[in-house]
Amino acid sequence: MTVEEYNSCVHELADSLYRFAVKTTGNKAVADDFVQDAYERLWKKVDNIEFIKAKSYLFKTVVNLQIDAVRRMKLRNTHVSSTSSPIVEQGAPFDLKIKLDEGIRQLSDVQKNCLLLRDYEGYSYQEIAEILAISEDQVKVNIFRARKFLKSFIGNIEVLV
Amino acid sequence: MRWTEEQLIVMIVDATEGNLSPSQQVLLYEFIAENPQFSHYLEDLPFLVQDNVDYPNKKALFKNEINDVSAYASLNDSLDEKLIIGDMEGLLTDNEATFFRLKMKSDDFIAMQNAYLATRLQKDKSIVYKNKKQLLHTEPRFNSLRYLWLSMGAAAVGFLFYFSGLNVAYNKTKLAQNNDGIYTKKTQLKSSVKPYQETKKFTVRTPKEKKEEYTVYIPKEIIEKPENSVLISRLETVQLKNIICIREEVKIETAQKHTIITSPIYRIESHSKEYASLGDLVIKKLKKVVFGNEEIDNQEQLTMITQKINHQTGLDIAYLRNEKVDESGFYFKLGAISVERKKANL
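Chains Z and P supply the protein sequences, listed in that same order.
Heads up, the first sequence is in the working numbering, so the first residue is 1 and it goes up one at a time.
Heads up, the second sequence is in the working numbering, so the first residue is 1001 and it goes up one at a time.
Chain Z extracted, bound-state conformation:
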């Protein structure tokens, strides 16, 4: 990957990556660190990573960073997202946004990552499986479970809307 390609990765993917990190961690400062770490790692391997795989690499790195952070937090008996203020889902009715955001934060990390990668980034099941290092079937099941949980969590949509 050339420097120009790397820089285009910054322009095109930084927002998505940051958004994903914010949603998964629920903490903008932590998300900022994750994005910087991810790009730093990408830059270190810029000679070895193809441009087309950069996006996958970045998201994978953020997921791994999140896993590491959660492990560290668990050691301290707290969770990354549990310490952060809720991030409101934009683009949907306000009550639904709040409800959805609460629901997302209650999902397991794997379900959350699967759903965010699917809905935000439009990744295929295969790509999600690769990023999260799980099988495609697990991705399907996790997304199914996540949607089912969210649906039951938000309850009667007509009331909310």
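It should be emphasised that the hints constitute simulated quantities derived from the structure, not laboratory data.
The structure displayed is predicted, hence computed values, not measured ones.
Since no wrong hints were added, every one of them can be taken at face value.
Okay, the calculated beta carbon distance ranges per label pair:
| no. | chain 1 | residue 1 | chain 2 | residue 2 | range |
| --- | --- | --- | --- | --- | --- |
| 1 | Z | S152 | P | K1133 | 35 to 45 Å |
| 2 | P | F1109 | Z | E4 | 48 to 58 Å |
| 3 | P | T1093 | Z | S152 | 21 to 31 Å |
| 4 | P | L1150 | Z | K45 | 19 to 29 Å |
| 5 | P | F1109 | Z | M73 | 34 to 44 Å |
| 6 | Z | Q138 | P | F1109 | 25 to 35 Å |
From the three backbone atoms N, C-alpha and C, an ideal C-beta is built for every residue, glycine too.
Given chain Z, work out where chain P should sit, using these hints.
Same frame as chain Z, now just chain P:
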């Protein structure tokens, strides 16, 4: 199917004349049922109502009925949920998709679908990463690292070349020129047992200059204790236990486990005791003796020690305070002496 009224009338006429196939009759009946404004035509078609004609391809219509969604076959959830989420995720097969559309006639199903559609997340474009400029790079990483690696590599090569290759070459050349008996090789040390009769300078060189002067460290107890101080004179006969070379100093262990370190010395390889003795070396000239940081206020003791050393070795001894502590733990230093190989008859 959408017919005009004229087409409908034609169909009805055909029906009354018995020219419609059973399937056409069903279509006609369904059309009228879906368009109640034409229901009065049913009066002309009593046989359709009365005969209760069965659609012959009804089974074909139900061919798409499914029991499960293949993508979620492992789950025990309801079929409707599987169909809805499967449709959202694009995981339905053709049959499943057809069945899903059939299900869409149910209001409950549609309500459930709407609930699930609400779980689809929308990109939050208000979240923007503001520090992109920090992430951008202008120079290829390869080049930036290349200069670093090249400079480090050059420095390392230069260092190694300077301190090993050049020195060896330099000393070999000098040795060849001067034919000195330096302990640079085991064979040379072996042979040194024999040439006791020779008188040769024990010559040591640093990379840049020829050195003939050494600093000899003597353990404190050797000097302090009268019985040990005698060892100084005995050193000439003590067998070497080992000679260890550390770049610029040589550690000599005697059989009595006393250690003498000479420094600086360019290179003497490690050998075992039987190849040489300290008798090979004799202190030729002493410029000064340093007593490290061990302050001896007792002038009488100092005088006694220096006299002993002088008597036993013929060395002139000086006293210097505030010398740095030697890490090896020796407090007294006989400094800046020259040595030469002792004649066998000495």
